[in-house]
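Those letters in the sequence shown? Residues 34 to 233, by the working numbering.
Calculated directly from the structure, the hints in this document are not laboratory data.
Here the structure is a predicted model, which means the values were calculated and not measured.
Possibly wrong hints are sitting among the right ones.
To be verified - In silico SDA-like links for lysine to any residue, alpha-carbon gap of 20 angstroms or less:
1. K147 with I88
2. K147 with D219
3. K41 with V199
4. K41 with A196
5. K116 with A132
6. K217 with N206
7. K217 with G84
8. K217 with S96
9. K116 with F178
10. K217 with L151
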Amino acid sequence: MKRFSQKKIISILGLILLYLSIKILSNIGIIDSYLQLNITIIGINIILAVGLNLITGFTGQFSLGHAAFMSIGAYTSAILTAKLGQPFIVAILVSGVTAALAGVLIGIPTLRLKGDYLAIATLGFGEIIRIIALNIDYIGGAIGFNDIPQYTNWNWVFFMTVATVVLINHFNNSYHGRACVAIKEDEIAAEAMGVNTTYY
34 MKRFSQKKII SILGLILLYL SIKILSNIGI IDSYLQLNIT IIGINIILAV
84 GLNLITGFTG QFSLGHAAFM SIGAYTSAIL TAKLGQPFIV AILVSGVTAA
134 LAGVLIGIPT LRLKGDYLAI ATLGFGEIIR IIALNIDYIG GAIGFNDIPQ
184 YTNWNWVFFM TVATVVLINH FNNSYHGRAC VAIKEDEIAA EAMGVNTTYY
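Model the full assembly from the supplied sequences, consistent with the hints where possible.
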């Protein structure tokens, strides 16, 4: 317990030091707007990778449509801020719920799929979302979505990235996380031990 507490304190101090370092270097001009943009993109991709690791790494399910759910959330947020003039916080919350609902909708028909079959189903879903996005003029079509308010900066992304990593870490150490690992190791044995494999 003592070792865990020390590790936790070191992690918190490291994050504070990292944040303050970026903040100070940005204020004195060493980290310019281009580098800040790269830091923002890195943080967003960390969030994507951590979410994908939960599905592929811990549960062992081969999903190829993860980016589709991220794009649903991104487009929803962009529409709410650029087209409908909604506050950024509202857009973030609604886009998260929208992406989650999309996950439920694709998850229900694929409950019993695994391996290559799940990969094909999620790949197909990703292609559907890509084609829809390319053919809707309201969101820019093939040209892309323009004139999006630049609310997102590295500060927002830093804290969202930390929150995501902490949340996923707590999930992995919980009963639900151990159930996901059990499914990955041996789905039949996990089901025999009382794990609801369909639920997870």
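Violations among the numbered hints: none
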